[in-house]
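First to last, the sequence lines map onto chains A and B.
Per my numbering, the very first residue in the first sequence carries number 11; after that it's consecutive.
Per my numbering, the very first residue in the second sequence carries number 8; after that it's consecutive.
Per the computed footprint, the stretches of chain B lying under chain A, defined by three or more beta-carbons under 8 Å from a beta-carbon of chain A, are:
1. 43 to 56
2. 65 to 77
3. 131 to 144
4. 166 to 173
Keep in mind that the hints were calculated from the coordinates and are not lab data.
All C-beta atoms, glycine included, are put in the ideal place defined by N, C-alpha and C.
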Amino acid sequence: MSTETAPPSTVRVDARDKVTGTLRYGTDRVPPGMLHAALAVATVAKGRLVHLDTEAAAALPGVHLVLTHADADELTSGGFLLGGGYGFQSFQPLTGDRIAYRGQPIALVVADTLHVATEAAALVRAEYESEPGAFTLDAPGAEALVQSEAIPLPMFADVVAGDADGVLAEAATRPGAVVIDAVYDHPAQHQNPMELIGTVAEWRSAGDGGADILTVHEGTQNAGAVQHGVATQLGIDADRVEVISPSVGGGFGQKNSLQPQTALVAIAARRVGRPVKLVVPRTQVFHDSSFRPATRQHIRLAADGTGRMLAAVHEVDQQTSRHDLFPGTHTEITSRLYGIPNYRGLQRLVRTDVQTPGYMRAPYEHSAAFAFESAVDELAVALGQDPVELRLANDTDTDPVSGEPFSSRHLAECLRRGAERFGWARRTPEPGSMRADDGSRVGWGVAVGCYPGMAAPTAARVCAEPSGAVRVEVGAHEMGQGLRTAMVRTVAADLGIPAGDVTPAVGDTRALPHHLTAGSWGTAGALPAIALALAELRTALKVPEQGPVDVAAAVAATGRDSVEVEAVYTAPGQPPQVLDRLRAGLPAPGGPEHPGFVTFSWVAHFVEVRIEPTIHRIRVPRVVSVADCGRVASPTTAGSQLRGGVVWGISAALRESSEVDPRFGGFLNASLEEYPIAVNADIGEIDVDFIDTPDPMLNSLGVKGLGEVSMVGVAGAVANAVHHATGRRFRRLPIHLEDVL
Amino acid sequence: MATPVRTDETARTTAPSPPFSTTVHVGFRVNDEDVELDLDPRESLLDVLRERLELTGTKKGCDHGHCGACTVHVDGRRVVSCLTPAVQAQGTAVTTIEGVAGPGGELHPVQQAFVDHDALQCGYCTPGQVMSGIACIDEGHAGDDAQAREYLSGNLCRCGAYPGIVAAVRAVADRSEG
Numbered sequence: 011m012s013t014e015t016a017p018p019s020t021v022r023v024d025a026r027d028k029v030t031g032t033l034r035y036g037t038d039r040v041p042p043g044m045l046h047a048a049l050a051v052a053t054v055a056k057g058r059l060v061h062l063d064t065e066a067a068a069a070l071p072g073v074h075l076v077l078t079h080a081d082a083d084e085l086t087s088g089g090f091l092l093g094g095g096y097g098f099q100s101f102q103p104l105t106g107d108r109i110a111y112r113g114q115p116i117a118l119v120v121a122d123t124l125h126v127a128t129e130a131a132a133l134v135r136a137e138y139e140s141e142p143g144a145f146t147l148d149a150p151g152a153e154a155l156v157q158s159e160a161i162p163l164p165m166f167a168d169v170v171a172g173d174a175d176g177v178l179a180e181a182a183t184r185p186g187a188v189v190i191d192a193v194y195d196h197p198a199q200h201q202n203p204m205e206l207i208g209t210v211a212e213w214r215s216a217g218d219g220g221a222d223i224l225t226v227h228e229g230t231q232n233a234g235a236v237q238h239g240v241a242t243q244l245g246i247d248a249d250r251v252e253v254i255s256p257s258v259g260g261g262f263g264q265k266n267s268l269q270p271q272t273a274l275v276a277i278a279a280r281r282v283g284r285p286v287k288l289v290v291p292r293t294q295v296f297h298d299s300s301f302r303p304a305t306r307q308h309i310r311l312a313a314d315g316t317g318r319m320l321a322a323v324h325e326v327d328q329q330t331s332r333h334d335l336f337p338g339t340h341t342e343i344t345s346r347l348y349g350i351p352n353y354r355g356l357q358r359l360v361r362t363d364v365q366t367p368g369y370m371r372a373p374y375e376h377s378a379a380f381a382f383e384s385a386v387d388e389l390a391v392a393l394g395q396d397p398v399e400l401r402l403a404n405d406t407d408t409d410p411v412s413g414e415p416f417s418s419r420h421l422a423e424c425l426r427r428g429a430e431r432f433g434w435a436r437r438t439p440e441p442g443s444m445r446a447d448d449g450s451r452v453g454w455g456v457a458v459g460c461y462p463g464m465a466a467p468t469a470a471r472v473c474a475e476p477s478g479a480v481r482v483e484v485g486a487h488e489m490g491q492g493l494r495t496a497m498v499r500t501v502a503a504d505l506g507i508p509a510g511d512v513t514p515a516v517g518d519t520r521a522l523p524h525h526l527t528a529g530s531w532g533t534a535g536a537l538p539a540i541a542l543a544l545a546e547l548r549t550a551l552k553v554p555e556q557g558p559v560d561v562a563a564a565v566a567a568t569g570r571d572s573v574e575v576e577a578v579y580t581a582p583g584q585p586p587q588v589l590d591r592l593r594a595g596l597p598a599p600g601g602p603e604h605p606g607f608v609t610f611s612w613v614a615h616f617v618e619v620r621i622e623p624t625i626h627r628i629r630v631p632r633v634v635s636v637a638d639c640g641r642v643a644s645p646t647t648a649g650s651q652l653r654g655g656v657v658w659g660i661s662a663a664l665r666e667s668s669e670v671d672p673r674f675g676g677f678l679n680a681s682l683e684e685y686p687i688a689v690n691a692d693i694g695e696i697d698v699d700f701i702d703t704p705d706p707m708l709n710s711l712g713v714k715g716l717g718e719v720s721m722v723g724v725a726g727a728v729a730n731a732v733h734h735a736t737g738r739r740f741r742r743l744p745i746h747l748e749d750v751l
Numbered sequence: 008m009a010t011p012v013r014t015d016e017t018a019r020t021t022a023p024s025p026p027f028s029t030t031v032h033v034g035f036r037v038n039d040e041d042v043e044l045d046l047d048p049r050e051s052l053l054d055v056l057r058e059r060l061e062l063t064g065t066k067k068g069c070d071h072g073h074c075g076a077c078t079v080h081v082d083g084r085r086v087v088s089c090l091t092p093a094v095q096a097q098g099t100a101v102t103t104i105e106g107v108a109g110p111g112g113e114l115h116p117v118q119q120a121f122v123d124h125d126a127l128q129c130g131y132c133t134p135g136q137v138m139s140g141i142a143c144i145d146e147g148h149a150g151d152d153a154q155a156r157e158y159l160s161g162n163l164c165r166c167g168a169y170p171g172i173v174a175a176v177r178a179v180a181d182r183s184e185g
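With the hints as constraints, model all of the structure from the sequences given.
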């Protein structure tokens, strides 16, 4: 046996399966007899279907089924994720003649091959009664609501501390004080994980005289919601639905809930009596799933002449749909970045005629930090202060909102260490004062970010075999963040066994109830759940509470074939009722305000931009990012995740915008050609580092989330660097080369 | 409220095309094995690999040649298999991600370098990245970091594993030259 107790920090446990193409994703499944499906979608943005002619489609040789609202009577809505249901929106296509958004599915065609199905879908003829719609924040008919009134729940209430408006008014007239008052615009964006949305649905007889069993293979961050949601939609028991999603080809929030196509494919498979696969084309994905809603953010920020921040007001208008209220919590982080004693947040929701927007990596925090950290940079310029020093001078150990202590906050150390690694001391403050040898204008910018430290109920099972092998299962999802690697490292380190003896399993509702994996709580829930299960295992094996275990001998001593234990972790202070939500496939995260403390992850980003002298292309040759995510559970995968977040921030700042057609609705650039995301040549050197100090309160392992905080603040640092290079302030993303000509 | 302002149709204005009764018999090699198939001429090499031959290591990310997840080698050259009609593979030798490891399962140096440099996260784009990386080195387009970045930019990675991908490809390129 190897004496190695954890895999080398350089190894991701599923890397070999990924580089050989043997890892199976949802729609890699090709069961015998499988048919292919394609969607026909609405070409108007709002109105009513008055006629749907499927005759030509159904007559095409090879077509087995054309499903429309006229004959999908068994289908109901799975409800809205934020309204007690399971879906990214409450609106379920094919349940009526209503058209709520352009690109809405109006028919599902099933055929022998993908090509016949696609051809047949194009033959579906629809006539509409069209209505005018509102597609942008300013459009006539876009209806603005105050979130705290529209959704009267404590978690969506406005953040208020002290008397921000009074102090701002007073500062405006006080000599020496500085007030920044600016509006920042962020476009709609789409998550675009490389794996398309898709479903393979198969029915089989249960053999128990009961209803048939439905198996769903699809990439999802929320197998529990898919299981319970589809069961709800079809009116069957949830224990008749199995969802298998061991590997997700990227989620980024898009796959965090029930998608509209899943139940359609399940119904089709039941009707035709054969397995059915639907892979939603990339163009349709732009309208068949959620997206990051457009926002407009008004920041007012006051400081005294020394740079002490006195007050801030952050007002946010965020797009939502007609049929759902997708809430925003942008002010949750901007109220905590600094020790600002007087703060007022306001979240408004603006109804537009789109599919319901939703979560996309750092869903609020990214745009909020872009706005607020731009304003802080404007403040530094107005004060003539160094932007790192200004931030350090406004640090705090206490949450200014609740008055409770932060369980850990090493943001100042992130800033100091990042400045050192970046060489910030060599920056000359005057905008436009730095030039590269080739004549490029050089800009250095800094920004910070944070992300709420949440935790979710998580189920874990550990099984010790007579061979000494250990199987560890968690009701969570692997979407590239390195969960399997962190699981294996945790078990191997605890029991003192080789990593190769540990087999991880995730994403299978047949094994355990699954909680939504999002909000950076995946690892912060899975590892404490495993730790609880390992403690149970040690008890069952009658071995000491700590120290290496001879698993084979301990199992043999019990006289049993194997020893299996289960445990469920809940966030600090969560009531037992959250377990009912876990078992029902409903989200139940706790935090960031926990009993007696408040938890956030923290990050500081330092960005260099170069604006080329001829065509003024904006390049980002290097970034330094330092994160405080508590203890680093898996150094290699954590480093990759932080670099990936930086790539997302660069992409959001300089590339990504979902262009809206203000006349006819829908998103115009619905392809990866016209919706550019950062490519390899866009990315330079990204130097990352971690504070790696355990959080003493959130959980026994000291881990906090990383996946989302890694992106928060990057776009602000890019925009601040562009200002430093050009002297021009851009308050609207993305920043394009034509802006800096 | 619901005033009709416009009537629209989704369908093409032309009459339905006649049903395809024609298939094309095609033969080619995939990962050193002969394959013979009767194909709908509309089928892409990607769909044939995935849905007929069950070689699902090759991924579909866009079906329009924008993302590179479907990259395979045809007679040693990298192509996006989603834009390659399968009938065009007639008489060629196709290599997919399943065909690059050694006979004993030993990883190709580029595969091993991806593991060593953690040049991946979710893994969905990885087969295409590996196939592009191998070709990029063979083409002599991995001479320095900037060149490698440029010639690997047809392969999108939404997880943002680009720094590791460049490091992996460059490490193998340097060894090949040395």
